[in-house]
Structures are given as structure tokens and as C-alpha cells.
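From just these sequences and the hints, can you work out the full model?
Heads up: the sequence shown runs through residues 2 to 278, numbered per the working numbering.
Please note that a few of the clues may not be correct.
Okay, the calculated beta carbon distance ranges per label pair [what the hints assert, rightly or not]:
hint, residue 1, residue 2, range
1, Gln200, Glu132, 21 to 27 Å
2, Ala108, Ile156, 28 to 34 Å
3, Asp74, Glu136, 26 to 32 Å
4, Lys262, Glu190, 25 to 31 Å
5, Ile157, Thr246, 24 to 30 Å
6, Thr111, Ile157, 29 to 35 Å
Read the hints as simulated data drawn from the structure, not as lab findings. Glycine is no exception: its CB is placed at the ideal position from the N, C-alpha and C atoms.
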Amino acid sequence: MESQRAVSSCPKGLINGGGDLDRTPTKVALVGVQLAAGRTALRRLLPKEPTNPQQNDTYHIGFCYDISNGTKDSITKLVSDLNSAKLETDVDVVVSPPFVYLDQVTASLTGRIEVSAQNSWIGKGGAFTGEISVEQLKDIGCKWVILGHSERRHIIGEDDQFIGKKAAYALNEGLRVIACIGELLEEREAGKTFDVCFQQLKAFAGRDRDLTLMVPSFADVVPSWDNIVIAYEPVWAIGTGKVATPQQAQEVHVAVRDWLKKNVSEEVASKTRIIYG
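So, in C-alpha cells, the structure goes:
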């Protein structure tokens, strides 16, 4: 995922869960599958060409898998399958096991596949029982962290500003961030999908800075947007059996890219990877 490996006009993508094409303006194809233990899932994991790709487009495909359950034995088997899988050279593969299995996965997984945490704390250490510091994640070899996932927002109660500060600290300390956004069903039905996603992006982009808390905003500390992946997944498509159509996902991707162009920069808008899932 290093910037020198990316093509400026065609950045690589990651994807978690379902798949979608994001061809304009950056010519990225994103293809993925739901995570499931065993070789059946691994056979489906191998990259495929999207249907009817545009002529002369170069497609960079990637995967991000969020393992939200499992046991030591099932994860050992999954890691073994991942280690033996044949992956394209321009594919980034990132797995995200629960914290208790991070060390096991990091120690046994091939270096070809990177590991992400599912959460991290807002700052360095302190008396915050049950939280996970960025320093601890780095100490065991974690290179990514997922922040802003809908369960953290709507069940745990994390708000946009809090999530933005988490992202700012993680990036400043050298972790790469998968920044999650997405709307509830009632918000989509009310025609507020873009408004919700843009509001969530504002926190990641440092546009809702609280000057009283003396915490640097996201925009102040981002060394490179190459270390950020935006993950769009509507909350109503998580664990419900419903999946957003390619058109629904694509229209949000286009809107997000346009928001980045207007609020960050044209270069960031063209290079930042946006995924569905």
C-alpha cells in the first residue's frame, strides 16, 4: 500500500465483504467476498477481472477481511489457507481479527498479508480499562486499524468527533486507517445518505475540530492520504441479508470523491481508495 507502489491515475483498492466497481475517475476495480472459514472462501478470494472493464483501464484489486468471531483452531486453519493462497502481486490483503487473536495472526501469517485491528484508543496509554492503544498495536506488528465502524458508532456510542480524533492519533503514530462511513436505513429513506456520509467525513478530515480539547485534527497530522482508505457500507446492509446494489454503492463513491475534491484537494480525491464493505 506504499505510495510508490500505487499508480497515481489508478490507485489500488481494498474491499471488505461485498464488491463494487469504482472506475471513474480513478479506474479502480474492487472485487471481494464475505469472509468464511475454509477453502471454499479462499477459492473465491482470488482476484477476478470485473465484468466488461473499460478498455485500457488498469485494475488494482484488494481485500480487507474483518474476522468478528472464531476460535484459535478456526483462525489457525484460516491463516493456513491464506498463507497458501496465490495472490496477484498488485493486491493488498488485510485481515482484521479480534484483539485477542491479533498476536497469533501476526506471528503466523505470511508477510504478504497485513493485519488490522478493529479499534484503537484516542491517545497514548492511561487508565482506560479495556481499551487498546496504538502503541500496543504497533508493538505486536499491526499496521492498520479500522475506525468509525457502524457498531462502534451506533452500539458503543462513539460520535464523529471522537472517531476523528482516534484517526488523527493513529495516523500520527504511523498506523494506516480504514475510515468507515455509512447511513442508517431511515436516513437513506429520508434522502439523507450523502448528508450523513459527508458529516462523518468532516470528522475524518478535521473539519469539526474542537479547539478546547487540544487534540490535533485529522487534517493537521495526516502525513499522506495514501495511508487512508475510506470504507463505505450502509448500516442497513450489515448482518441483515440486504446488500446495496452496485449503483447505490457507486453513487456514494462518486459523491465521496467529489466531496474530497472540494474539501481536501483534487489530488487526494483522485488518489484516495474508496471501498464498499
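If any of the earlier hints don't hold here, list their numbers in rising order.
-> none
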